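Protein chains in written order, with the numbering used here: chain A, 2 to 344; chain F, 2 to 344; chain W, 2 to 344.
Calculated directly from the structure, the hints in this document are not laboratory data. Just so we're clear, the structure is a prediction, and the values are computed from it rather than from any experiment.
Copies of the same chain look alike in the list, so a pair counts if it fits in one copy or across any two.
With a Cα cut of at most 16 Å, we get these calculated EDC-like pairs of lysine to aspartate or glutamate: (1) Lys120 - Glu11; (2) Lys3 - Glu290; (3) Lys229 - Asp205; (4) Lys3 - Asp197; (5) Lys120 - Asp12; (6) Lys114 - Glu11; (7) Lys3 - Glu191; (8) Lys3 - Asp205; (9) Lys59 - Glu100; (10) Lys294 - Glu202; (11) Lys171 - Asp293; (12) Lys3 - Glu202.
What follows is each chain in one-letter form.
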Amino acid sequence: MKTNSGRFFEDYAIGQVIEHAVPRTVSGGERALYHALYPARHALYSSDEFAQASGLEKSPLDDLIAFHVVFGKTVPDISLNAVANLGYAEGRWLRPVFEGDTLRSVSEVIGLKQNSNGKSGVVWVRTTGFNQYDEAVLDYVRWVMVRKHNVDAPAPETVIPVLADALEAKDLVIPEGLDFAQYNFTLAGEAHRFGDYGVGEKIDHVDGVTIEQAEHMIATRLWQNTAKVHFDATNREDGKQLIYGGHVISMARALSFNGLANAQMIVGLNGGAHANPCFAGDTVRAYSEVLDKAQTSAPGVGAIRLRLVAYKHGAPEFALKTDAGKYHPDVLLDLDYWALMPT
Amino acid sequence: MKTNSGRFFEDYAIGQVIEHAVPRTVSGGERALYHALYPARHALYSSDEFAQASGLEKSPLDDLIAFHVVFGKTVPDISLNAVANLGYAEGRWLRPVFEGDTLRSVSEVIGLKQNSNGKSGVVWVRTTGFNQYDEAVLDYVRWVMVRKHNVDAPAPETVIPVLADALEAKDLVIPEGLDFAQYNFTLAGEAHRFGDYGVGEKIDHVDGVTIEQAEHMIATRLWQNTAKVHFDATNREDGKQLIYGGHVISMARALSFNGLANAQMIVGLNGGAHANPCFAGDTVRAYSEVLDKAQTSAPGVGAIRLRLVAYKHGAPEFALKTDAGKYHPDVLLDLDYWALMPT
Amino acid sequence: MKTNSGRFFEDYAIGQVIEHAVPRTVSGGERALYHALYPARHALYSSDEFAQASGLEKSPLDDLIAFHVVFGKTVPDISLNAVANLGYAEGRWLRPVFEGDTLRSVSEVIGLKQNSNGKSGVVWVRTTGFNQYDEAVLDYVRWVMVRKHNVDAPAPETVIPVLADALEAKDLVIPEGLDFAQYNFTLAGEAHRFGDYGVGEKIDHVDGVTIEQAEHMIATRLWQNTAKVHFDATNREDGKQLIYGGHVISMARALSFNGLANAQMIVGLNGGAHANPCFAGDTVRAYSEVLDKAQTSAPGVGAIRLRLVAYKHGAPEFALKTDAGKYHPDVLLDLDYWALMPT
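Let's have the full structure, built from the sequences with the hints guiding it.
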């Protein structure tokens, strides 16, 4: 058969390195589409002059564009037969991505655990995105539950990687030259700086965006993520098209501008759960909670650790989890990340 | 509170200057999206070679891209709590915008009048868009009705700015170097030149475009206009999302190619009313009326003043206003502008 | 009347040359939108580095972008009053199109045949697309049935052009410098090379994409194709908007990546039929059949002739045509083209 049927659980082995296909050169087109699909307004990603005043050569593409492009390439090899996308850890942005850069992705299998039912298992991979100079721009761990094709295939030795609950601030990579000493809070859109946020503080981002079918498909295709659950209305019995979890991440992050306009650059992804599926017609809202704060060695640059929660309906005051310990059915995303903010 | 709750009527004062946030670098991405969202075909904005043959360095971004970007930045400061967008006047395009330019906006409060009910008032601002060289690219006056937050706040002294009913032709700024002496009517798409249009002539632009929810949201976000009425289906009791008035302006202007293909550059905005709200599913049509004509000092370049009316359903022959003096409910837009046309 | 009412059958004459309006400069914006609208993943059109490793200066815009742009310009002159788009022949891609190129189109009338009912006729044109250096980038023949406006106009002499059933491999133009000797199959996404495909082989491309109204309008406008049947929901009694046939071509070609990832460049269009209309909500699937194979003079480059069939519902095993010799109502497209593949 000429078509790709994807890898099954028994096709993975510890130490296996998978070079993912279809490198991608990005341009102002991807940048403009990102701004058209999400209410993204962080000034560093909108203006060359603002980025230059912050010590960068020009405005990079949004950090989540880098993430989606790198992630999208892994789908045909990692998650085509995935039953569930279980988690992320140890994600680090290592270098900004600019127009004209070409991204490709490589994954290494770092964990395997067959489920007790013998029909599926969990695969952990560490994925690295590289640019055209073979410089790493991003790496992260994710784990997925994958079906077995041959249920009689022997179970691999169980290897569960040791993953940090969260990156420590000292492990974050600050982009070379970044300098917020001359930061223009007026042009950035909000006056609140690093010192104005307290650990434990919650910020309701107020706005909501109702998601259209055409929009999430346009977004997801842009990252060359072609998982059929997103595109084929005949794939599920209820005729619904599942929205790529990354679409919700980008929507929530963009909404968080309102209250966190100065949390400019994403540099670390500590963890994340796609708590419930999102469908067209859902109105996505978001709130953030400050989890931690740390100084960095870059001039005027602090690191802030944020929990970003996206939900539909209801109010941010609802319980994130139910009494049974499961996510409230209105919660879509529970993301834990580090961003850089002027001090 | 960290989030922006917008300014209320009592927060404005005559002479106040507001620097709007989030400067924006534009590229070929914004241009391509504009052509994907509107049936825009004016050759000067489509082809570098056509623009060069007209004396420009290359094809500028559509004049309405400049308008939308500059306008979008003002929304969080001017119209977040606006009850109504009441009008435009004295709009002038001062310099073409090219790929790579970075736009920012500044507004000055030039008029204030509290309503007799004491609960809201009208605010007039003159907004100027600047590029990265601090050159003005566009300025215009608009006025909005804004709610008071504290109804007990004292009424400001009433100042109603004196605004021209229409710009005079001598006040229009012709882009440096513009020259239509060698204008190629075949490549432009129509043979009709300046002399072929008579004052009072009406042109039915024939075509209609049915607006999709995804499209107007993509367009409006592209201009970083994040007013919730456009994006959040839960915001109104009827579940409808109000379409950004600028989307209707761009749609009508693009439709006007058919009959006005040579009305290439927009240089003046005399006035405009968003006569009735537009919603997804509406089929937008347009007609134009020639209001005035004038010579300019640039070679082969005439100025034509046009009334552009967008409407849904019905025929262009309907009465623009009802006997009671209100707009016919099918009228969406009544715009008065100056464009440049080969003589 | 100032608006374009299009040409009618009696307005065409053999040998007539029509210069189509509105040249178009393309950028990374068109490229990004193409990837956002179709699940296009052919590596040569995604990565500058992959294209350079194949002997090109950088990644060209997708061959079908060139086709759609050139085709779109012809619509106001050729198919505004067309009753049906009957066929294509002898299409050849002559030169890759890169960001920054400006495309324009010229058509010559090469055939005319009035229908026996005297109310319409068939017009054959050969259309050539040129870049800003007046180099031909694409040419193809298409024929359409066009209404007469004046049914009393005399019938022209019947001229039916002699058209090849298919281009011969020797007539294909291989892009200058193309070299697949160092082709990276891993980055391209599939291991199957020229020798792995047999004439008569059929490949089910597996995936399906449900088409949204907003998407096909965004795509069709991007090519400045403004035929009202695509955009105006009030145009047909059933309220449906007909999808531009080229949208189905691009969707099917992109789906064919899965199984034909190495059929990189399209160089010849032998024929094509839009078998049945496509509407929003249809889920498009595709299969390919290998019709022919040939060597080329370029290093490591073979030519493969493919029949690409797009259909909705059902399975690829259905009869392409019914017993009555008509296309099965689920068939949307039957396209015959040549592509280049590493040997």
